[in-house]
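Undergrad: From just these sequences and the hints, can you work out the full model?
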Amino acid sequence: MTTPTDTSAEVATGAPPLSMPKHLLSIADLDLPALRALLDTASQMQDVQRREVKKVPTLRGRTIVNLFFEDSTRTRSSFEIAGKWLSADVINVSAKGSSTSKGESLRDTAQTIAAMGVDAIVIRHSASGAAHQVAGWVDAHIVNAGDGTHEHPTQALLDAYTMEHAFGGSVEGRHVAIVGDLTHSRVVRSNLLALAKLGARVTLVAPHTLMPSGIGEWAQTDGFALATDLDEVIASGPDALMMLRVQRERMSGGFFPTPREYTVHYGLTRDRLATAAAANADLVICHPGPMNRGLEIAPEAADAAQSRVLDQVAAGVAVRMSVLYHLLTTGGLEMTA
Amino acid sequence: MCPDSAVPEGVGDAEKRVLSEADIARALKRIAHEILERNRGADDLVLLGIPTRGVTLSERLAAIIADVEGVNVPHGILDITMYRDDLRKQPTRAPVPTVIPPGGIDDRIVVLVDDVLFSGRTIRAAMDSLADYGRPRAVRLAVLVDRGHRDFPIRADHVGKNLPTSTSERVSVRLKGIDDAEYVSISAGGAR
Chain A
80 MTTPTDTSAE VATGAPPLSM PKHLLSIADL DLPALRALLD TASQMQDVQR
130 REVKKVPTLR GRTIVNLFFE DSTRTRSSFE IAGKWLSADV INVSAKGSST
180 SKGESLRDTA QTIAAMGVDA IVIRHSASGA AHQVAGWVDA HIVNAGDGTH
230 EHPTQALLDA YTMEHAFGGS VEGRHVAIVG DLTHSRVVRS NLLALAKLGA
280 RVTLVAPHTL MPSGIGEWAQ TDGFALATDL DEVIASGPDA LMMLRVQRER
330 MSGGFFPTPR EYTVHYGLTR DRLATAAAAN ADLVICHPGP MNRGLEIAPE
380 AADAAQSRVL DQVAAGVAVR MSVLYHLLTT GGLEMTA
Chain B
36 MCPDSAVPEG VGDAEKRVLS EADIARALKR IAHEILERNR GADDLVLLGI
86 PTRGVTLSER LAAIIADVEG VNVPHGILDI TMYRDDLRKQ PTRAPVPTVI
136 PPGGIDDRIV VLVDDVLFSG RTIRAAMDSL ADYGRPRAVR LAVLVDRGHR
186 DFPIRADHVG KNLPTSTSER VSVRLKGIDD AEYVSISAGG AR
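Quick note, the sequences are listed as chains A and B, same order. Start counting the first sequence at 80; every next residue gets the next number (my numbering). Start counting the second sequence at 36; every next residue gets the next number (my numbering).
No lab work stands behind these hints: they were computed from the structure. Warning: the hint list may mix true and false statements.
[What the hints assert, rightly or not] Examples of chain B residues lying across from chain A (beta carbon under 8 Å, computed):
| no. | residue |
| --- | --- |
| 1 | Thr91 |
| 2 | Met117 |
| 3 | Ala129 |
| 4 | Pro130 |
| 5 | Pro132 |
[As the list claims (entries may be wrong)] Cβ pair distances, simulated, as ranges:
| no. | chain 1 | residue 1 | chain 2 | residue 2 | range |
| --- | --- | --- | --- | --- | --- |
| 6 | A | Glu149 | B | Val134 | 52 to 60 Å |
| 7 | B | Asp79 | A | Ser166 | 26 to 34 Å |
| 8 | A | Gly302 | B | Ala216 | 56 to 64 Å |
| 9 | B | Ile189 | A | Ala206 | 51 to 59 Å |
| 10 | A | Ala206 | B | Pro136 | 47 to 55 Å |
| 11 | B | Ser201 | A | Arg139 | 28 to 36 Å |
| 12 | B | Arg185 | A | Ser156 | 37 to 45 Å |
| 13 | B | Pro137 | A | Asn171 | 35 to 43 Å |
| 14 | A | Trp297 | B | Ala216 | 33 to 41 Å |
| 15 | B | Val103 | A | Arg139 | 25 to 33 Å |
| 16 | A | Ser98 | B | Gly169 | 50 to 58 Å |
| 17 | A | Ser98 | B | Asp192 | 34 to 42 Å |
| 18 | A | Asp168 | B | Gly138 | 31 to 39 Å |
[Stated by the list, open to error] Computed far set for chain A versus chain B, every beta-carbon distance over 10 Å:
| no. | residue |
| --- | --- |
| 19 | Ala116 |
| 20 | Lys134 |
| 21 | Thr137 |
| 22 | Ile170 |
| 23 | Gly247 |
| 24 | Gln299 |
| 25 | Tyr404 |
Here a beta-carbon is modelled for each residue, glycine too, at the ideal position from N, C-alpha and C.
TA: This is the structure in structure tokens:
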């Protein structure tokens with residue numbers, strides 16, 4: 080039992096308390112009100128981002144560690160900026176040059192960092208489920224910044240945020256086509272979950288070799304469509320085209336004959352951009368980055384007026400501020416209110 | 036139902052109305068006049084309401100000043116959620132947008148408007164927040180109800196009603212536009 084704070088009478092508490100999880104490991108952990116709160120608060124955070132003084136004292140005295148076992152520029156720096164603008168102390172630990180390269184296990188590394196008294200660990204790891212495991216080992220709040228081919232929840236949040244703003248407030252009923260490497264992308268799963276909760280219609284487009292096994296049943300239970308012909312999907316006039324990165328570093332298995340052939344069949348070329356824009360005047364193009372220009376997306380498409388790639392990056396900071404705010408202020412606390 | 040003796044559902048203790056709708060209107064009119072008198076007119080005034088009900092009150096004050104002086108005083112919203120020092124003890128609250136009027140607050144006389152002044156923590160947070168938006172020439176505070184029990188050396192410049200309370204009592208402000216009725220009431224608090 081916590082005693083009610085004296086301010087409870089001073090500030091009207093209109094809305095019912097949210098059930099915010101302690102960790103953000105998967106979009107599946109969020110119910111719709113929590114998902115909505117994260118996206119709505121991101122909007123207020125974007126106001127902070129646009130101010131002259133881009134700092135609020137909300138997380139003063141808290142410490143956040145970015146624990147990255149994989150290379151990342153935008154996710155790590157975006158979490159770092161997000162933490163700093165909320166006045167938290169942010170420390171970056173990358174696997175290279177850390178004791179991990181001396182053979183320390185994930186568990187020991189995580190527990191060592193947690194033992195220093197940090198409040199949150201933002202973790203990226205090449206193993207699916209790594210963030211989930213770490214959450215079981217330590218007391219700190221864990222934010223999954225990408226675990227193997229499983230999930231990347233903050234990417235899905237920033238994609239949803241970007242699309243909502245591009246569509247004037249809501250993705251409900253909108254048709255989103257996600258194109259590319261479905262097998263190795265952690266962005267896909269998180270996006271599917273988030274977009275489904277928000278009421279969008281999703282079509283996944285990929286060659287058979289880049290579809291994970293069992294995706295057919297998954298499509299049936301989760302209610303999204305599958306396609307192998309990008310031109311057909313584009314002709315149907317989707318509201319958003321999300322081009323996934325061809326992950327060269329994961330491409331050792333001969334998933335397609337040549338990069339050239341991938342571009343011909345699945346790249347967002349200049350011609351496809353023209354068709355898509357003609358089929359839907361409100362077209363929005365997203366890419367989680369980093370882009371392989373000329374491979375999955377032509378430079379003309381990446382720089383087109385319909386491209387929201389830089390908006391996505393800006394939204395990334397706002398969304399991560401929102402996540403840190405909600406998790407670290409009250410996430411997982413038992414409220415008596 | 037019966038507007039003068041309504042007891043909120045789920046609360047056993049009697050709720051006492053201390054201000055009626057007409058009392059609130061009179062208090063706001065007086066506060067508006069006091070603000071103008073203190074400021075010798077409406078020059079450089081900016082009203083900033085603190086969500087939720089402070090915003091409604093600041094809009095009403097601006098309307099009264101427009102009526103009396105014929106001047107449209109800039110007014111906005113100052114959300115202090117991200118500046119609170121008790122975020123970890125409260126249920127998750129979502130911040131709402133802060134709206135600073137176009138002229139900004141630099142060298143202006145900012146009047147903060149809130150419904151109830153109690154510990155003063157909200158106002159402390161509001162002053163921290165203001166510093167990140169600019170440097171006002173002066174900051175003043177107008178509240179509908181001052182119920183005492185301050186934790187900080189903070190006082191209001193303009194008060195609608197001083198209400199002696201015990202710390203366990205609960206003061207409720209209801210305003211039309213946000214609520215379906217309009218009154219200020221006091222009731223014995225429950226969980227302590």
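Undergrad: Does each hint hold? Answer for all of them.
TA: Hint check results:
1. Hint on Thr91 (chain B) is violated. Least Cβ distance to chain A is approximately 11 Å, over the 8 Å limit.
2. For Met117 (chain B), the shortest C-beta to C-beta distance to chain A is roughly 4 Å, which falls under 8 Å, so the interface hint holds.
3. Restraint check, Ala129 (chain B) versus chain A: the minimum CB separation of about 5 Å is within 8 Å; hint holds.
4. The beta carbon of Pro130 (chain B) is positioned within 8 Å of a beta carbon in chain A (closest approach about 4 Å), and the interface hint is therefore held.
5. Satisfaction of the interface hint for Pro132 (chain B) is found here, the shortest Cβ-Cβ separation to chain A being roughly 6 Å, below the 8 Å cut-off.
6. As the Cβ distance of Glu149 (chain A) to Val134 (chain B) is approximately 41 Å, the hint placing it in 52 to 60 Å is violated.
7. One distance hint, 26 to 34 Å for the beta-carbon pair Asp79 (chain B) and Ser166 (chain A), holds here, with the actual separation near 31 Å.
8. Separation of Gly302 (chain A) from Ala216 (chain B) is about 44 Å and departs from the stated range, judged on CB atoms against 56 to 64 Å.
9. Taken as a hint, the range 51 to 59 Å holds for the pair Ile189 (chain B) and Ala206 (chain A), whose Cβ atoms sit roughly 53 Å apart.
10. A C-beta distance of roughly 52 Å is found between Ala206 (chain A) and Pro136 (chain B), which places it inside the suggested range of 47 to 55 Å.
11. For Ser201 (chain B) and Arg139 (chain A), the hinted distance range of 28 to 36 Å is satisfied, since their beta carbons lie about 33 Å from each other.
12. For the hinted restraint 37 to 45 Å between Arg185 (chain B) and Ser156 (chain A), the CB-CB distance of approximately 43 Å keeps it satisfied.
13. Checking the proposed 35 to 43 Å range against Pro137 (chain B) and Asn171 (chain A) shows it holds: the Cβ atoms sit about 39 Å from each other.
14. The hinted range of 33 to 41 Å is not satisfied by Trp297 (chain A) and Ala216 (chain B), whose Cβ atoms lie roughly 51 Å apart.
15. In this structure the hint that Val103 (chain B) and Arg139 (chain A) lie 25 to 33 Å apart at CB is violated, the actual value being about 42 Å.
16. Range check, Ser98 (chain A) to Gly169 (chain B): Cβ separation about 38 Å, and the 50 to 58 Å hint is violated.
17. In this structure, Ser98 (chain A) and Asp192 (chain B) meet the distance hint of 34 to 42 Å, their C-beta atoms being roughly 41 Å apart.
18. The supplied range of 31 to 39 Å is met by Asp168 (chain A) and Gly138 (chain B), whose beta-carbon atoms lie about 36 Å from each other.
19. For Ala116 (chain A), the requirement that its beta carbon stay farther than 10 Å from each beta carbon of chain B is not met, with the minimum near 5 Å.
20. The Cβ of Lys134 (chain A) does not lie farther than 10 Å from every Cβ of chain B; its closest approach is about 7 Å, which violates its non-interface assignment.
21. Look at Thr137 (chain A): its CB is around 4 Å from the nearest CB on chain B, not clear of 10 Å, so calling it non-interface is violated.
22. Under the 10 Å C-beta cut-off, the non-interface status given to Ile170 (chain A) relative to chain B holds; the minimum distance is some 21 Å.
23. Consistency note on Gly247 (chain A): stated as away from chain B, and its beta-carbon is indeed over 10 Å from all of that chain's, at 17 Å minimum.
24. Taking the minimum C-beta to C-beta distance to chain B, about 35 Å, the non-interface status of Gln299 (chain A) holds against the 10 Å cut.
25. Not every Cβ of chain B is farther than 10 Å from the Cβ of Tyr404 (chain A); the closest lies at roughly 7 Å, contradicting the non-interface assignment.
Violation of the numbered hints given earlier is confined to hints 1, 6, 8, 14, 15, 16, 19, 20, 21 and 25; the remaining hints are satisfied by the structure.
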